[in-house]
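Trainee: Chain residues, written in single-letter form:
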Amino acid sequence: MILGVTTVHELSMTTQIVESVLEEAKKQGAKKVTEVHLVIGKMTFLGTEQVRFSYKILVEDTIMKGSKLIIEEKDGVIECSSCGYKGTVPITDDPAYHIPIPTLRCPKCAKAAKIVEGKECTIMSIRMVK
Amino acid sequence: MTNTKEIVKGEEVTLEIEPGMNILEVNKQLAEKNMELLRKHNIKAIDIMGSIGAGKTSLIEKLVQALKKRYRIAVFKGDLTTTIDADRIGQHGVQVLTINTGRECHLDANVVARAVERISLKDIDLLIIENVGNLICPAEFPLGTDKRVVVVSVTEGPYMVVKHPFTFMNADVMVINKKDLAEIMKIDTKQLEKQVKEIKPDVKVAVTNALTGEGVEELIKALEL
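Heads up: the protein sequence lines correspond to chains A and B, in order. For the first sequence, counting from 1, position 19 maps to 19 in the numbering used here; every step adds exactly one. For the second sequence, counting from 1, position 218 maps to 218 in the numbering used here; every step adds exactly one.
To be clear, the hints were calculated from the coordinates, so they are not data collected in a lab. Predicted model, so just to flag it, every value in this text is computed and none were measured. Any given hint could be a false lead.
Unchecked claim - In the DSS-like style, the derived pairs of lysine-lysine whose C-alpha atoms are separated by at most 30 Å in a straight line are:
#1 A:Lys65 <-> B:Lys179
#2 B:Lys194 <-> A:Lys86
#3 A:Lys32 <-> B:Lys68
#4 B:Lys28 <-> A:Lys56
#5 A:Lys130 <-> B:Lys147
#6 A:Lys111 <-> B:Lys197
#7 B:Lys9 <-> A:Lys42
#8 A:Lys86 <-> B:Lys5
#9 B:Lys33 <-> A:Lys31
#10 B:Lys147 <-> A:Lys108
#11 A:Lys114 <-> B:Lys44
#12 B:Lys28 <-> A:Lys42
#13 A:Lys26 <-> B:Lys28
#14 A:Lys74 <-> B:Lys163
#15 B:Lys197 <-> A:Lys86
What the hints assert, rightly or not - Partial chain A-side listing against chain B, Cβ under 10 Å, derived:
#16 Gln28
#17 Leu46
#18 Thr48
#19 Thr62
#20 Gly66
#21 Ile70
#22 Asp94
#23 Pro95
#24 Pro102
#25 Met124
#26 Val129
For every residue, glycine included, the Cβ atom is placed at its ideal position computed from N, Cα and C.
Can you make the complete structure from the sequences, with help from the hints?
Mentor: As C-alpha cells, this is what we get:
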C-alpha cells in the first residue's frame, strides 16, 4: 500500500501560513492584505530566510501580493521538572568545536529539562484593507 | 477569540486581526490524537529517524526478527518514492505500509493518521515507523509515538551530534550504528555518547551493528520493549 503527499519543509509550512491568512482575509471580506506578523520560535527548524523566500513566491497572484512580512524570532525557554528552574536555553561553549551548543541540561541541577517555549510558528496579526 | 481592530483613514478601512494561530500546533494536536488512538488499542509506537544510509531499515529488520515472537508488528515506511525498503522488511513476515511522501522531507502526524486508518489496530501491538531519511526535518513533527529514536552511524563523521543539537533534543533514544567501522573511521563512540548526553541528559544510547544484530538487545531495552 502506498500513500502520497507533496512539497518540502519551509515551503509546506509557509503554504499553510498563506492559506490561513487568505482564509481569514476572505472571512473579513478584505480587498488586500498589507501586512503579516509571524512569530517563529528559535527551537523550530524553520529558517526565516527560506520562509521569506517561499512567502514571496506563494503570495503572487493572491490579494497578499506585495504585503509586508514581519518575522519576530522567539528565544527558547526550558523548564526543569526536578528543581523548577525556568529560563532561556543554556548554551555550552565547547572550545573544541568553536560553536556554542544549546543544551537541555538544567543549569541548576543538571537533570533533563523540557522545552516550553520556542517551538511555535504563530500568525500573530494580519493587517488588511476592506 | 480573534481580536479585531478597525482603523478608518479617509476612505480606506484598515483591519487588524490577531488570530494567534500556531501552525505547528496543528501537527502536535494530530499527534496527540494518534497517540490516544494507539494507546486505546494497547499499541506501542516507535518513530525511527536518521540520515539516509544511517542503517534505519537494517536496524528495523533486526528489531522485527528479535521481537516478532513477542509482538504482532506493523511497520510504516516513509520514503520519497519506491517500495524497496518496505519489501526488505516485509520478507520477515510483518505487515508493511509504505508512505511515499513525493518531495516531502518528513512524515507528519496527518499522514500517519491516514496510514493508521488503513491497518487493523486490533491485530497489532507494536507499530514501528521509519521516517524519511533526513536528520533534521522529521524532528519538527512528532507523530504520536511513545518513543522517538535517532539513528546515526559512525560513517557520518565525528560532528553529527554537535551539529544537530535540536534533532537530539527531540530524541528519547540514540542509536550509534556501524560500530564495526568505528575504528577505521577513527570515531570514538563514547565521545558521541558524551556529546548527546550533554545536549539531552536523559537520552538512552545503544551502540549497534545492524548487519550482525550486535547491540540490538541493548536497543530493545532502551525502547522498554
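Trainee: Which hint numbers doesn't this structure obey?
Mentor: 1, 3, 5, 7, 8, 9, 18, 19, 20, 21 and 23
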